[in-house]
Amino acid sequence: MSTALLLSAFVISLVALAFFIVAMIKGWFDPGARGAEVIFARDEIGRTEDPAANAASRHALQAGADAGAAAPDAAELESRAQADRSTATVTFVFLGCAVAWLVAASLAGVTASIKLHAPDWLGAHEWLGFGRIRTLHLNGVAYGWTPMAGLGVALWLLPRLLKTPLVGANFAILGAIAWNAGLIAGLGAIAVGFSDGMEWLEMPWQVDLLLVAGGALIAIPLVLTIRARRVEHIYVSVWYMGAALFWFPVLFLVGNVPGVHFGVQQAAANWWFGHNVLGLFYTPVALGTIYYFLPKVLGTPVRSYALSMLGFWTLAFFYGQVGAHHLIGGPVPGWLVTLSIVQSMMMIIPVLAFTVNMYLTMKGRMGALLHSPTLRFVAFAGLAYLASSVQGSFEALRGVNTVTHFTHYTVGHAHLGMYAFIAMALFGGIYFIMPRVVGREWPWPRLILAHFWLSAAGIAIYFVALTVGGWLQGTAMLDAARPFMDSVALTLPYLKARSVGGTLMTLGHLAFAAHFAAMVLGLGPTRDGAPVFGRLEARNA
Amino acid sequence: MRSEKPLIAGAISMVAVAGLLLVAIPFAQLKDIGPPKGLHPYTTAQQRGRDEYIRQGCLYCHSQQPRDRSQAPDGERGWGRPSVAGDYYYDKPHLLGTMRTGPDLLNIGARQPSVDWHLGHLYQPRAYVPGSIMPGYPFLFDLKDRAEPGERAVALPPGTVPEGKVVVAQPRALDLAAYLVSLDRTYPAIEGGQP
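Protein chains in written order, with our numbering: chain A, 1 to 541; chain B, 1001 to 1195.
These are calculated hints, taken from the structure and not from any lab test. Each hint should be verified, as a subset may be incorrect.
Derived coverage of chain B by chain A (criterion: at least 3 residues anywhere in the stretch with Cβ under 8 Å from a Cβ of chain A; other residues may be distant) [to be verified]:
no., segment
1, 1020-1031
2, 1050-1062
3, 1076-1082
4, 1129-1140
5, 1172-1183
Examples of chain A residues toward chain B, derived with CB under 8 Å [unchecked claim]:
no., residue
6, T3
7, A4
8, A9
9, P493
Ideal Cβ positions, reconstructed from N, Cα and C, are used throughout, including at glycine.
Chain A on its own, in the form it takes in the complex (with noise of 0.2 Å):
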């Protein structure tokens, strides 16, 4: 019986897997390369953008590049401004809640990281006992700045990739107000202890339904904007990001349906849900917002339109059934644990379908990372997916796993994954799209630079630490001679340094939104005005 769910699990991904590899090889579903160009006006192709930029690294941008000598098609750029137009408001308001979580929850990050070493530290509140506050941080992050910069970013960019205003905008500024007003009493309950008891599903349930509602709200506008769209070819980043936000609500409702899960099943169906939400939500948009913006800023198309592809369908089929591997060495069924386990390792196809492309399509530029914000963190952003995702695969085999199950090294990954990729390529996203928003540059072009490097240094310490510090716990733990308080005194150093990572982080956070904060109250200097594009460019040549 089990053998034959296995083989017939994989039986089913590998044809699956092919049927779509054939059918994009024979171009079934596409009229040609020239898929990968439809981020472009005619006779685009060649000019950079980053309205991140100061004037004097845009030039220095575009000198890294050859624009042809027509000027790009007036039309086409009139209807992406058009387009921008008419998300302005809406993104806005995602943006701006982003933000407000982002530091929120750095706080409580920060705040729970201490705890961990300074256990008697604010010991008299019980809302900010280590228990409490560690999830307040996660659900956060996870259904606070993440989400709302992520959906912020696709419902900018899905109008500019199809090419028409966005329809709906305030079903989805309703959905924003519906799914806000959740999350603010989800986290209200669980600061005072009401929780669900399952990790990444702790909101009561009761709660769960105003996120579901707010997230059909949010998906009206994009299914009517993607049925008036006005261009042929569906970019690949509307993929990603049509796809995430169609298995969000289907992983959302079945992972917390209460009273039909139970015991050890529960468990099975608790990390489908916790492993998907980062594979089947996060994921695909980050990558969407990096598929956009890395070839928008360099002004190149992404190399391989047939790489992209893959990558999107091998990441559909292999990532939604990994999420076993956190119950290996547990008391669920093995043919479970070894599917994920085998599953986890062919995500390393995707992955490497992902950075090569990445890696062509820079190939030869790197100096425009000097010269562009935006791209210097989504750059930062795909290494950090390579990374991850590579641990990911190799710490889902039983011999890695075994030491680093229980550890922090497990929760080092988690932030090379949540941090290091998705937030840094949203960071980049925002970066781009906010002076389009406002109408107005970034006041302090020094202050993303102060963001970006405090970001690096404070999660390149954070992982560090974990990594080295997780591991020898691990091995502590398996030492049947050594007491188990020895693989807790030996964390102790690696515990405080990742207090300093986490508080560079959050500083980072406070540079980021005092900076999105000056820019939409119309304070600091303003130096060229509006990089509106045309105008601006025009102005300088």
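Based on the hints, put chain B in the right spot on chain A.
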């Protein structure tokens, strides 16, 4: 891709396959596993204590799944035999856990059956385990001049409580201790059987 149809078809079939494999089939396979003979349902007080365990987030640092000898020396540490699916028959929600910042607790009641120890340890872990990084839960207790009749004063090591005061356990601390003491799956795992 000209049309969104292959995208929709692919996205639906993929999530359906994943849900079938990781949710539906385990559901069908595990639903008929009954409780082992030695396992009893939680009493009301124990269940309330279990809820308190969730409220305080104990699960984020303590697993409840001893591993097999081939994988980890859990048995030698006194954490119990490898658990089986039936051991969790009465567990809703599951509390398997993913971290061992502290030790596994599935059999904590067997290796530490003293309610007094648990109460004191919950009040101030470092009074019992030097170097522990577990948070104390002083808000589950009241600091009083003397215990009223029917209240449970906690016996604590000297130096933990201010001079002339006693620490009285609130009902939820007593429930939590009752739950911890009830955690004992040392009976033989025959009926559970690894599926």
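Which earlier hints can't be squared with this structure?
Going through the list in order, the structure violates hints 5, 6, 7, 9 and respects the others.
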